[in-house]
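Asker: Okay, here's what each chain looks like letter by letter:
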Amino acid sequence: MANPPHVVAKQIGTGERATFLEERLRKRMRSLVWFTIALVLAVSFFFPLYIMVSSSFKAEEEVLTTPIHWFPEKFQGLEQYRKAFEVVPLLRFFFNSALMASIDVVVTVIFSALAGYGFAKFRFWGRRFFFFFVLSTMTVPFQILLVPLFIEVRNLGWDNSYAGLIIPGIMNAFGVFMMRQFAYAIPDELLDAARIDGASEPRIFWQVVFPLLAPASASLAVIIFLFSWNNFLWPLVVIKDQIYATIPVGITVFTQPHSAEPQWAVAMAVSTLATLPVALLFVFFQRYFIQGMVLSGLKG
Amino acid sequence: MYYSLTDFTLLRPPTWVGLGNFEALLKDRLFLKSVTVTLGFVLGTTLPVWIISLLAAAVFFQRFRGRETLKVLFFSPVLPSLVVVAIVWRVLLHPNGILTTLLRPLSGLGEINWLNDPTLSPITMILINDWTIIPFYMLIWLAGLSGLPPELLDAARVDGANWFQSFLRIQLPLLRPTAVFVATITTINAFQGFTLQYAISPGRGGPIDVNTTMGLLIWKYGFQFYRMGSASAVSVVLFALIMIVTAVQLLWSRGDQFSLN
Numbered sequence: 001m002a003n004p005p006h007v008v009a010k011q012i013g014t015g016e017r018a019t020f021l022e023e024r025l026r027k028r029m030r031s032l033v034w035f036t037i038a039l040v041l042a043v044s045f046f047f048p049l050y051i052m053v054s055s056s057f058k059a060e061e062e063v064l065t066t067p068i069h070w071f072p073e074k075f076q077g078l079e080q081y082r083k084a085f086e087v088v089p090l091l092r093f094f095f096n097s098a099l100m101a102s103i104d105v106v107v108t109v110i111f112s113a114l115a116g117y118g119f120a121k122f123r124f125w126g127r128r129f130f131f132f133f134v135l136s137t138m139t140v141p142f143q144i145l146l147v148p149l150f151i152e153v154r155n156l157g158w159d160n161s162y163a164g165l166i167i168p169g170i171m172n173a174f175g176v177f178m179m180r181q182f183a184y185a186i187p188d189e190l191l192d193a194a195r196i197d198g199a200s201e202p203r204i205f206w207q208v209v210f211p212l213l214a215p216a217s218a219s220l221a222v223i224i225f226l227f228s229w230n231n232f233l234w235p236l237v238v239i240k241d242q243i244y245a246t247i248p249v250g251i252t253v254f255t256q257p258h259s260a261e262p263q264w265a266v267a268m269a270v271s272t273l274a275t276l277p278v279a280l281l282f283v284f285f286q287r288y289f290i291q292g293m294v295l296s297g298l299k300g
Numbered sequence: 001m002y003y004s005l006t007d008f009t010l011l012r013p014p015t016w017v018g019l020g021n022f023e024a025l026l027k028d029r030l031f032l033k034s035v036t037v038t039l040g041f042v043l044g045t046t047l048p049v050w051i052i053s054l055l056a057a058a059v060f061f062q063r064f065r066g067r068e069t070l071k072v073l074f075f076s077p078v079l080p081s082l083v084v085v086a087i088v089w090r091v092l093l094h095p096n097g098i099l100t101t102l103l104r105p106l107s108g109l110g111e112i113n114w115l116n117d118p119t120l121s122p123i124t125m126i127l128i129n130d131w132t133i134i135p136f137y138m139l140i141w142l143a144g145l146s147g148l149p150p151e152l153l154d155a156a157r158v159d160g161a162n163w164f165q166s167f168l169r170i171q172l173p174l175l176r177p178t179a180v181f182v183a184t185i186t187t188i189n190a191f192q193g194f195t196l197q198y199a200i201s202p203g204r205g206g207p208i209d210v211n212t213t214m215g216l217l218i219w220k221y222g223f224q225f226y227r228m229g230s231a232s233a234v235s236v237v238l239f240a241l242i243m244i245v246t247a248v249q250l251l252w253s254r255g256d257q258f259s260l261n
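Protein chains in written order, with the numbering used here: chain A, 1 to 300; chain B, 1 to 261.
Isolated chain A (complex conformation) (with noise of 0.2 angstroms):
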C-alpha cells in the first residue's frame, strides 16, 4: 500500500535535508582542500623570509646549529640590529637609498603624468613619432645600455657621485606610457568645461588632470620606489666610495668573497632592515603595490 501523503512529503523533506547537507559538506571539504594546498605553497615561500627574520633575533651560534632552532632560544632583542650600524655605514647606506628613492619617485610621477597627459590630450607635430620614440626606449634592456651609460655619466664627470647615481635613473618611458593609457580616460568636456571658465593651462593639470590622475599616480609611485630602492646594477658600476653606496650595494660586503664568512646574525638584521620599507609599503598599500605591479610588468 502507497504511503498516505504526509508520509511522502516527511520524506521528501528529509531527503533534501540530507542532500543540502551533503552539498555543505562537499564544499566544506573542497575549500578545505584549495586550503592546504595554498597553506603549503605559502608555507615553503615563506619560509626562507621567516628564517631571516628570526635569526636576526638569535645569537650568532644559533643560526648554524643543528639541530635547528626553529625559534630563537637565546632572544637577543634588537642586540644584533645595534651591532649592524657598527659593522657597516648602515645610517648612510639608507639615506642614500632614500635620497634616490624619493627623487626617482617625485620626478617620475610628475614628469610622466605630464607627458602622458600632452601625450593623450593634446594633438601636435609627431606626436606618433615622439611616443613611439618614447616606448622604444622601453624596449632595451637595461645592461645594453650599461656601457654607454656609464662612458657619458664619466664624460660629464658625474662618476661616483650623487649626480651620476640618481639623474640617469630619473625618467622612465613606462611611466609616460602608464600615464597616458590613464590620462585618455579623463573626458574632454571636463577639460574644455575648465577651459571656458578661462584656467589656464597649468592650472588645468594641476588642478583638474593631477588629482585625476591620483590613483595611477599612487601606483606608479609605488612601484618606482620599489624599482629604485632594490636597483643594483648601475649604483654598482656608478659608485666607488661606501659614502654614496645605497643599501644593495652597501651589504655586497655580506655575500663575498665565500672564504670569509660575515656574522650571520647582524647579516640577516641588515637583511630584514634594507627590505623593512618596502614590506610596510607592501603592507599599507597593498591596492596600488599590486596595481603597479601588474601594469608595469617587471620585478625590481
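Quick caveat, the hints were computed from the structure, so don't treat them as lab data. Hints are not guaranteed to be accurate.
What follows is a list of derived Cβ distance ranges for each label pair [said to hold, decoys possible]: (1) A:Tyr162 / B:Lys33: 36 to 42 angstroms; (2) B:Gly203 / A:Gln207: 54 to 60 angstroms; (3) B:Leu127 / A:Gln242: 28 to 34 angstroms.
Ideal Cβ placement from N, Cα and C applies to all residues, glycine included.
Following the hints, position chain B against chain A.
Answerer: What follows is chain B alone, placed relative to chain A:
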C-alpha cells in the same frame, strides 16, 4: 653601439677596430661559455616559472577561508632585493644551514655542495631565482583570471564540468594574452640574469665560470678589466639574442592563434 667597434679602456680615447671585438669574442672561450650559461639559465627559468605560477594562481583563484593571508605570505619573496635574497640563501644553503640540515636525511650523502659544485650550482641559481619571481607571475595570472567573465565558469559548472576541466578548457584558452606576456617577460628578464650570480656564486660567476652569465660578463669586461669595447660587443650580442628569441616567441604564438581561428 659605437663602442663595440672600438678598443677602449677608458684611459685612452677609443680607437677604431671595426669588427675586431666580435671576432675576438668568437674565439673567447669565456664568452662562448657565458652564452651556454645564459641559455641554461633562461631554460631553467621560463618553463618552470610559467607552469608553477599558473598552477599557484589556479589555487589562489579558488574561494577558501584565509586566502588573503596565505596569498600575502606566498607573495613575500617578491619584496626583498636580490642582494638580500642572496644573503639569506647563503645562510640557508650553508653546509650547516637550515635547508642543508633539513635535506640531509633525504640526500643520504651528507654534504650537499649547493654553491661550489659545478653541476649543482647553476641549478641552485635557477631554484633561488624561480623562488623570487614565481609569486610575481602568479599575480599576473591571477589578474588575468579575475578579468574573465564569471558567467563562463558558472555555465561550465551547470554543464557539470569539474574545476580541472573548466580550468583547462575555458580559462586557459582565454588567457592566451597573459600566457604570451608571461612567457616573453620571463625570457627577457632571464637573459639579463646578473645580480644573483654576482652576489651568491663563489668568486662572482664561479665555480669555474659555470655561473658567468652574459650580463655578468658585461660587468666583468667593462668594470673589472675596463675593456669597454669587449663589454659593448657582449651587450650587442645579448641584445640581438633577446630580440631574436622574443620575436620567435611572438610570431609563434600569433601563428598558433591564426591556425586556431
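Asker: Now tell me if each hint is right for this structure.
Answerer: Each hint tested on the structure:
{"no.": "1", "hint": "A:Tyr162 / B:Lys33: 36 to 42 angstroms", "verdict": "38 angstroms, holds"}
{"no.": "2", "hint": "B:Gly203 / A:Gln207: 54 to 60 angstroms", "verdict": "57 angstroms, holds"}
{"no.": "3", "hint": "B:Leu127 / A:Gln242: 28 to 34 angstroms", "verdict": "32 angstroms, holds"}
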